[in-house]
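Peer 1: Produce the entire structure from the sequences given, and follow the hints as far as they go.
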Amino acid sequence: EPEVTQTPSHQVTQMGQEVILRCVPISNHLYFYWYRQILGQKVEFLVSFYNNEISEKSEIFDDQFSVERPDGSNFTLKIRSTKLEDSAMYFCASPRDRGWVNTEAFFGQGTRLTVV
Amino acid sequence: DAKTTQPTSMDCAEGRAANLPCNHSTISGNEYVYWYRQIHSQGPQYIIHGLKNNETNEMASLIITEDRKSSTLILPHATLRDTAVYYCIVRVAGDMRFGAGTRLTVKP
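Protein chains in written order, with the numbering used here: chain A, 1 to 116; chain B, 1 to 108.
Here are the simulated lysine-lysine pairs, BS3-like style, with alpha carbons at most 27 angstroms apart:
1. B:3 with A:42
2. A:42 with A:78
3. A:57 with B:3
4. A:78 with A:57
5. A:42 with A:83
6. B:69 with A:42
7. B:107 with A:42
These aren't lab readings, by the way, just hints derived from the structure by calculation.
None of these values were measured; they are calculated from a predicted model.
Peer 2: The following block contains the structure:
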């Protein structure tokens, strides 16, 4: 089964600091997604990224968030100035096929972000 | 994407079939029905998807009603490791949005 890898598995940061979460999606795929899950709540869509551009974003994805594909393989989510409420699991996802219709998505195991 | 409705929680005895329902009465003709599950705090795991016909794979079966307004995910022989939150999602393409899902507890 294709694998999506996320690093780090756990990150603790102080409020106001910048964090970068990394994802290595399925190679040669054009679609990537970020989701988050606050403890005890549902999985929430943040942003989708297609061919090096943001495709869609939710109301959660405000100016403090940004996504990049810096080197053609890694896919990063940056939170500019973390708040306590940013504490959550962050998941990266990649569809099996290069397209995104009639195909399943594979999720990484997540990065647990703790803001103190 | 169409909205889905699932029961909040269900129990199932180990070794028995688990039948998880999902209502999607506003589904449109080109929307697929997807099922994912999340075990504890792990990343969501794909189970199965379909458009009109019933589907089966090594994990589960998906039964979609003829009018496509509802579907049932069947785990034929549930094990303790199938305890998870199960999500029914309806979409065409683009982003996938998760609801609250059904928390399935498989009991010995």
